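K.L.:
Chains as they are written, first to last, in my numbering: chain D, 10 to 325; chain V, 190 to 392.
Don't read these hints as lab results, they were simulated from the structure. Please note: incorrect hints may appear among the correct ones.
Incomplete in silico selection of chain V near chain D, CB under 8 Å [as the list claims (entries may be wrong)]: (1) Asp196; (2) Ile216; (3) Ile261; (4) Leu263; (5) Leu276; (6) Val313; (7) Ile317; (8) Pro320; (9) Leu323; (10) Leu327; (11) Leu334; (12) Leu364; (13) Ile382.
These numbers were taken from a predicted model, which means no experiment stands behind them. Don't be surprised by glycine CBs; every beta carbon is placed ideally from N, CA and C.
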Amino acid sequence: MHIPDGFLDAKTAMATAGLAAGGLAIALRQVRRQLPRRKIPLLGLAAAFVFAAQMLNFPVAGGTSGHFVGGVLTAVLLGPSAAVVVLASVLIVQCFLFADGGVTALGANVFNMGLIGGVVGYAIYRLVRRVSPGTRGVVMAAAFAAWCSTVLAAIVCAGELALSGTVAWPVAFPAMANVHMLIGIGEGVITALVIVAIARARPELLEQSVGEHADPGFGTVLVFGLVISFGLALFVAPFACSWPDGLDKVAKTLGFEHRAAGQPLLHSPIPVYQLPGVSSAAVATALAGAIGTVVVFALAFLLARLLVPGPAADRN
Amino acid sequence: MRHDFLDRYSRIDSPIHRLPAGTKLAIAVAIVLATALTPISVPVYFGVLGIFLVIVAVASRISPLFLAKRLILLEPFVLGVAGLALLQPNGGRVFAMIVIKSTLCLFTMILLSNTTPFAAVVSVLRRIHFPDLLTTTLALMVRYLSVLVDEAERMHRARASRTFVRNRRRLWKTLGTVIGQLFVRSTERAERIHAAMCSRGWK
Numbered sequence: 010m011h012i013p014d015g016f017l018d019a020k021t022a023m024a025t026a027g028l029a030a031g032g033l034a035i036a037l038r039q040v041r042r043q044l045p046r047r048k049i050p051l052l053g054l055a056a057a058f059v060f061a062a063q064m065l066n067f068p069v070a071g072g073t074s075g076h077f078v079g080g081v082l083t084a085v086l087l088g089p090s091a092a093v094v095v096l097a098s099v100l101i102v103q104c105f106l107f108a109d110g111g112v113t114a115l116g117a118n119v120f121n122m123g124l125i126g127g128v129v130g131y132a133i134y135r136l137v138r139r140v141s142p143g144t145r146g147v148v149m150a151a152a153f154a155a156w157c158s159t160v161l162a163a164i165v166c167a168g169e170l171a172l173s174g175t176v177a178w179p180v181a182f183p184a185m186a187n188v189h190m191l192i193g194i195g196e197g198v199i200t201a202l203v204i205v206a207i208a209r210a211r212p213e214l215l216e217q218s219v220g221e222h223a224d225p226g227f228g229t230v231l232v233f234g235l236v237i238s239f240g241l242a243l244f245v246a247p248f249a250c251s252w253p254d255g256l257d258k259v260a261k262t263l264g265f266e267h268r269a270a271g272q273p274l275l276h277s278p279i280p281v282y283q284l285p286g287v288s289s290a291a292v293a294t295a296l297a298g299a300i301g302t303v304v305v306f307a308l309a310f311l312l313a314r315l316l317v318p319g320p321a322a323d324r325n
Numbered sequence: 190m191r192h193d194f195l196d197r198y199s200r201i202d203s204p205i206h207r208l209p210a211g212t213k214l215a216i217a218v219a220i221v222l223a224t225a226l227t228p229i230s231v232p233v234y235f236g237v238l239g240i241f242l243v244i245v246a247v248a249s250r251i252s253p254l255f256l257a258k259r260l261i262l263l264e265p266f267v268l269g270v271a272g273l274a275l276l277q278p279n280g281g282r283v284f285a286m287i288v289i290k291s292t293l294c295l296f297t298m299i300l301l302s303n304t305t306p307f308a309a310v311v312s313v314l315r316r317i318h319f320p321d322l323l324t325t326t327l328a329l330m331v332r333y334l335s336v337l338v339d340e341a342e343r344m345h346r347a348r349a350s351r352t353f354v355r356n357r358r359r360l361w362k363t364l365g366t367v368i369g370q371l372f373v374r375s376t377e378r379a380e381r382i383h384a385a386m387c388s389r390g391w392k
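Produce the entire structure from the sequences given, and follow the hints as far as they go.
P.N.:
What follows is the structure, given as structure tokens:
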């Protein structure tokens, strides 16, 4: 999902750079205020850890392999602000040392993977944690949040590409969202497995990190929320607003196929999630995404039950 | 593993390597900004830039084979996203444009990273008053990157020598355990580093 140079135009690059810089500034301020000084080296090591972990591939169906991004994992282990700093560092190093991800797209990449992965992922994690307590809850919430943040980051990425005029929204959105709905499953499973492994090896590490960032503070939540919703409003909302219009078109297509034939509707290039009877790829993807969210929530619940033994064993 | 597996040629000697890091960083960023952000469609510009980059590459005495390999390694990401542009009307022009622009930017950054050690980039960032916390994190990250990659490699080798069957379900579970272990070890190493930094007078 690393956007290379040449894919974003000047306005999108500047908007994303501004948002990413703002988000990073808040994260840095928050970390400086809350993180004990003895933990500052941990930020660098965690960044190196994320980079090294990203080099370990896992097999995805069809001979290809994906790798793990680790936004939600970092946020669960270190807290959202530290996660933003860590992920931004990883992206900066990947950009300047490895030429992976463009310089002009650095802002977009930090926004998509750092802020969406770290902060929105963490917010989803906290919401789900409220429903289910214990280690099992941590595993389930992290897996679900990892999937959601992967898909959301892909959607925002599609929005940025569309806003730049590089790839039109009806093409970019279904392609990015569909692929990342699959990749997100891998991300969720790996996140869950890693958390279980850490809980088994050093349970106090997990408990300490889960308890430590109990309250990020109202101001921080507010500013983070503002930055992210501004980004979503900028990159996704202009296109999402046309969804009712898309539905309208679908109704027309279903009702008067012969008349609607004059209006070319773009079809999904990857019709994995195409629902029968719905011909607009974007609408189908949105619907599939909504259904997928519910399914993945159930899967995360099952995964947590499978990986973590019952609450009785949990207490020892 | 070699400690400089990412920027193998960044410490050799050449006229390009001897230029100050700040200058190289500024030029590279300027080239990337001009190429990626301005809607230039003059073939002359791309041609001139391409020739300039090739001259720099030759002057920097980096193995052409290495540069080509690095470029081929990174090009699939570009082609993958650019391929989406082909699916829309008038996509061919957009596709060609993006691929040319991205490849030139990619080549610029590969040259930068292999002529300038990252530590020098971090010190430039320090000089232009990047947030201290971020530069410290970047410096530590780059210093310990190869250590952690080595650690991951050792764990991988240990695992490979003990399991004879590659079972799919097992594979995922082992990967989770390896990454989890890697995190635990990073945390422990961070504690040791902190103690070492304190004993050397880090406030």
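K.L.:
Would you mind marking each hint as holding or not holding in the structure?
P.N.:
Evaluation of the provided hints:
1. Asp196: holds, 6 Å
2. Ile216: violated, 12 Å
3. Ile261: violated, 12 Å
4. Leu263: holds, 6 Å
5. Leu276: Check passed: Cβ of Leu276 of chain V comes within 5 Å of chain D, closer than 8 Å.
6. Val313: Violated: closest Cβ of chain D sits about 11 Å from Val313 of chain V, beyond 8 Å.
7. Ile317: With a minimum Cβ separation of about 14 Å from chain D (threshold 8 Å), the hint on Ile317 of chain V is violated.
8. Pro320: Hint holds; Pro320 of chain V Cβ to chain D Cβ min 5 Å, cut 8 Å.
9. Leu323: holds, 6 Å
10. Leu327: holds, 5 Å
11. Leu334: Holds, about 5 Å.
12. Leu364: holds, 6 Å
13. Ile382: Nearest chain D Cβ about 4 Å off; hint holds.
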